[in-house]
Amino acid sequence: MSMNRQGRPSSPDSAVSNTSPGNAALLPDEPLLFEIGDTDHSGVDLPDVEISGSRLGGHARKTPLDLPGLTEPEAMRHYVRLSRLNYSIDSGMYPLGSCTMKHNPRLNEKMARLPGFADIHPLQPQSTVQGAIELMQQLADWLMTLTNTSGVALSPKAGAHGELCGMMAIKAAHEAHGESHRKIVLVPESAHGTNPATAAFLGYQVRSIPAAEDGTVRVAEVEAALGPDVAAIMLTNPNTCGLFEPEVKAIADAVHAAGAYFYCDGANFNAIMGVVRPGDLGIDAMHINLHKTFSTPHGGGGPGSGPVVLSEALAPFAPVPFIRRDGDALKLVEHADGEALGRLTAFHGQMGMYVRALTYMLSHGADGLAQAARDAVLNANYIKAQLSGTFSMPFNSQPCMHEVLCDDAFLKGTGVSTLDFAKAMIDEGLHPMTMYFPLVVHGAMLIEPTESESRQTLDRFVQTMLGLAARAKAGEAEAFTAAPLTAPRRRLDETQAARQPKLKWEPETTPLQAAE
Amino acid sequence: MRYLPHSDADRQDMLAVIGAGSIDDLFAPVPADLMLRQHLDLPAHQPEFAVEAHMRKLAGKNRAGADGPFFVGAGAYRHHVPATVDHLIQRSEWLTAYTPYQPEISQGTLQMLFEFQTQVANLTGMEVANASMYDGSTATAEAVLMARRLTRREKIIISGGLHPQYRDVVDTYVGLGENLVHLSASPEGQGDIADHIDDKTAAIVVQTPDFYGHLRDVKTLAEAAHAHGALLIVVVTEIISLGLIEAPGALGADIVVAEGQSIGNALNFGGPYVGLLATRQQFIRQMPGRVCGETVDAEGQRGFVLTLSTREQHIRREKATSNICTNSGLCALAFSIHMSLLGDAGLRRLARLNHQRASALADALEKVPGVTLLNKTFFNEMTIRIGMPAADVIDQLAARNILAGVPVSRLRPDDPSLTGLIVLAATELTTDDDIASLVAALTEVLS
Chain W
1 MSMNRQGRPS SPDSAVSNTS PGNAALLPDE PLLFEIGDTD HSGVDLPDVE
51 ISGSRLGGHA RKTPLDLPGL TEPEAMRHYV RLSRLNYSID SGMYPLGSCT
101 MKHNPRLNEK MARLPGFADI HPLQPQSTVQ GAIELMQQLA DWLMTLTNTS
151 GVALSPKAGA HGELCGMMAI KAAHEAHGES HRKIVLVPES AHGTNPATAA
201 FLGYQVRSIP AAEDGTVRVA EVEAALGPDV AAIMLTNPNT CGLFEPEVKA
251 IADAVHAAGA YFYCDGANFN AIMGVVRPGD LGIDAMHINL HKTFSTPHGG
301 GGPGSGPVVL SEALAPFAPV PFIRRDGDAL KLVEHADGEA LGRLTAFHGQ
351 MGMYVRALTY MLSHGADGLA QAARDAVLNA NYIKAQLSGT FSMPFNSQPC
401 MHEVLCDDAF LKGTGVSTLD FAKAMIDEGL HPMTMYFPLV VHGAMLIEPT
451 ESESRQTLDR FVQTMLGLAA RAKAGEAEAF TAAPLTAPRR RLDETQAARQ
501 PKLKWEPETT PLQAAE
Chain P
1 MRYLPHSDAD RQDMLAVIGA GSIDDLFAPV PADLMLRQHL DLPAHQPEFA
51 VEAHMRKLAG KNRAGADGPF FVGAGAYRHH VPATVDHLIQ RSEWLTAYTP
101 YQPEISQGTL QMLFEFQTQV ANLTGMEVAN ASMYDGSTAT AEAVLMARRL
151 TRREKIIISG GLHPQYRDVV DTYVGLGENL VHLSASPEGQ GDIADHIDDK
201 TAAIVVQTPD FYGHLRDVKT LAEAAHAHGA LLIVVVTEII SLGLIEAPGA
251 LGADIVVAEG QSIGNALNFG GPYVGLLATR QQFIRQMPGR VCGETVDAEG
301 QRGFVLTLST REQHIRREKA TSNICTNSGL CALAFSIHMS LLGDAGLRRL
351 ARLNHQRASA LADALEKVPG VTLLNKTFFN EMTIRIGMPA ADVIDQLAAR
401 NILAGVPVSR LRPDDPSLTG LIVLAATELT TDDDIASLVA ALTEVLS
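Going down the list, the protein sequences come from chains W and P.
Okay, so the first sequence: first residue is 1 according to the working numbering, each after it adds one.
Okay, so the second sequence: first residue is 1 according to the working numbering, each after it adds one.
Simulated from the structure, these hints should not be mistaken for laboratory data.
Since the model is a prediction, treat every value here as computed from it, not as a measurement.
Keep in mind that the hints are not guaranteed to be accurate.
The calculated EDC-like cross-link candidates involving lysine to aspartate or glutamate, where the alpha carbons are at most 20 Å apart (straight line), are [said to hold, decoys possible]:
1) W:Lys183 x P:Glu318
2) P:Lys61 x W:Glu134
3) W:Lys110 x W:Glu134
4) W:Lys331 x P:Glu188
5) W:Lys502 x P:Asp41
6) W:Lys110 x P:Glu52
7) W:Lys62 x P:Asp33
8) P:Lys57 x W:Glu109
9) P:Lys219 x P:Glu127
10) P:Lys376 x P:Asp199
Only some residues are given here: those of chain P computed to face chain W with a beta carbon under 8 Å [said to hold, decoys possible]:
11) Asp10
12) Leu34
13) Glu115
14) Ala250
15) Gly252
16) Glu299
17) Thr307
18) Gly343
19) Leu446
Each residue gets a CB set at the ideal place from its N, CA and C atoms; glycine is no exception.
Take these sequences, add in the hints, and give me the full structure.
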């Protein structure tokens, strides 16, 4: 099928896929935009103005655009149909460990669309956007109070960008203190992949710290790895096994005694917000994923937002822009003075996400945020208690925090892998948990219910998981290895996708064109 | 509390199942002295209407674009977004889906990303595009790093016409030093970029239309770069320009990065936006960020997956091409929907309309005593020189409810030669009345 530049498809069948998943009337398959649109249809009405061309200096476009257009009803149907091929938190539980898929309140969306937030330009005079800067200041105050820290860099665009920001601040601090020879960053084995990637990006060598039998990091291991060449440790707390690091304060003290800094990956802050302040644990920098902890939508993969809170030692190194009070007015300082590490993005960061996050904070209040963290931990332990006789849990000696980690030992001999188990969950109407992460246990299954799930939903989840485990142990491996059977697609061939990358739509050449 | 489903009775029942006496018992691994014993000194929870009132009060202190004449551009542009776009992106299945790590139940997001990648590739005239970046500035920095990996050379030459904040981001990512060469600011479109390229050069970075609005001769620069084995990175901050201006890919660009905000996304005070990155097929394994590819499922049906993940941090850890984890999915969706509504014909009309409005603005500005228009070429943005500090003039015009553009000194306070310059943009939303108001006020302020 090719994009028809002249008009509608000449054969009506050519725009209709012959694929037909379950619930055909409600979940029709949808052809590609390039198979239904064409280059002279449009869903906008714009005047066709004449231009002289004299101010284009010979740079006018000659290359075809090849962009198919759809009228408004066609576009509505295309994107509504596509949307129905997606799972979403609004339609079901999303127990993705480490990802914190909580409810996304719609008040957040409504507020972000107020013209006073959505229709303002980052470079209009600051006197005309005092409310926006005040909002940023309020968000900063909430984040600093929740974490007991002295500074915050709001501008990082996502969690990984926040990590980059925090580690750059650490690097800048070492340079300012004549400690540039520190080239090592300690990273526990259970860390997110972004941690070693960030350290390496900044030219650091990564030294791995093993976890103890119980899944947490011992201060003795850290002390053994510390030395005059160590710049920082990057530690996630609660860690990626869902456990609070009991020696975190001693680790912080040891790191500081060695002249290094403590970067905390704040991906799991949802477990402790309003209950424990990371600043009290001795952290120097920590990014906070507003899209995890503070309910801004994940949007199918971003946009995120990753403000970084900073200790007194690192606050002077925060990137521009930052806010300063100037008499009665608030001023966004846009140029590096003193020791600021530079600029991480054009403009001021993810304002749309700041509005949503602050709306969420005000809705919950200090009491509600703490209750949310406590409910998140309660829900995870409720699942853990009921799965623990059946599922294998490598680190079961203490209550978990917000997520439950299982390995695949309970599937041994069944012919069912963690992947198969996850795909079978899809046939039960559930989004799978996080699989094969963290790397420290075999065939990891990491389950994070969040505070948003009701007891009824949790009970149904538990019953489904126990039922699947029983079927696996009863020798029904084929039902798992074939799964999913009821999703819009069966398992996809990822090897083919990687070996013969096809990253954009190409018109199929007809025999006539090929002959030419 | 409206977002928390449990009653206290639910909690007690659940604790009984767990065998714990209280939720505090579940926090036993936390050393007791680290547990907060009372709520933090922050407001308590509030009803929805009270939160809304608080936010409306803050929003009310800002002067929105629609509230009067508006000529601010410089990397973010005020365009009309069709109502359909905002309706669709708020559908639950788009808004509240996670990254498509389970492709069987994420085909909507994945097919959309495949369509997005194709739109971006076709628009830029490149062979492939990724599934989006944070924004144009970080995409530029990532492109510079990508060029270094591809050429195994270090030297980067930055045109004096690159957006100053993009330049600052590259500085932060790459680190200042002899391998980062900044050419002096070129408000009149001048430049001798080609003279600086040598056999150690990894890439040159050129924006077009550039920060001051001039259209740059990409083809000549591509030839100069390629003659030395260097790559050409083309930066586009106003993506609608490609509806009227030649595609960088057709002129020899090796990597094209762009800010996609103008299509589908509101100004939002600077974010979230959507970075675009497109390149040649042969370079894909050094491309940063997520990418979606076509494949088949177990029954041979066409389907889509995230692919080439062996470049990425969750597989490669410290050997990854970038530490990037997310893309800008929802903004990419907004871009893709708006682009589908425009199509070829709509984008061309929109681009012509922008250029026509900018031409009207330029004609009017040239007639204002004390104003010199610096552009011979432009798309929808231009630079004027006035005989007074531009920042003061902009403030005086703002006091008359006219947002007249960006004083270059705000972005480049270090260069006194730029003090009298203002960058102004016009879009399809700029009316003749807006232009007349600006001209009258500017004439008065300058006299």
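Here's how the hints hold up against the structure:
no.	hint	verdict
1	W:Lys183 x P:Glu318	14 Å, holds
2	P:Lys61 x W:Glu134	9 Å, holds
3	W:Lys110 x W:Glu134	19 Å, holds
4	W:Lys331 x P:Glu188	31 Å, violated
5	W:Lys502 x P:Asp41	54 Å, violated
6	W:Lys110 x P:Glu52	9 Å, holds
7	W:Lys62 x P:Asp33	70 Å, violated
8	P:Lys57 x W:Glu109	17 Å, holds
9	P:Lys219 x P:Glu127	17 Å, holds
10	P:Lys376 x P:Asp199	33 Å, violated
11	Asp10	5 Å, holds
12	Leu34	5 Å, holds
13	Glu115	5 Å, holds
14	Ala250	4 Å, holds
15	Gly252	12 Å, violated
16	Glu299	5 Å, holds
17	Thr307	4 Å, holds
18	Gly343	2 Å, holds
19	Leu446	18 Å, violated
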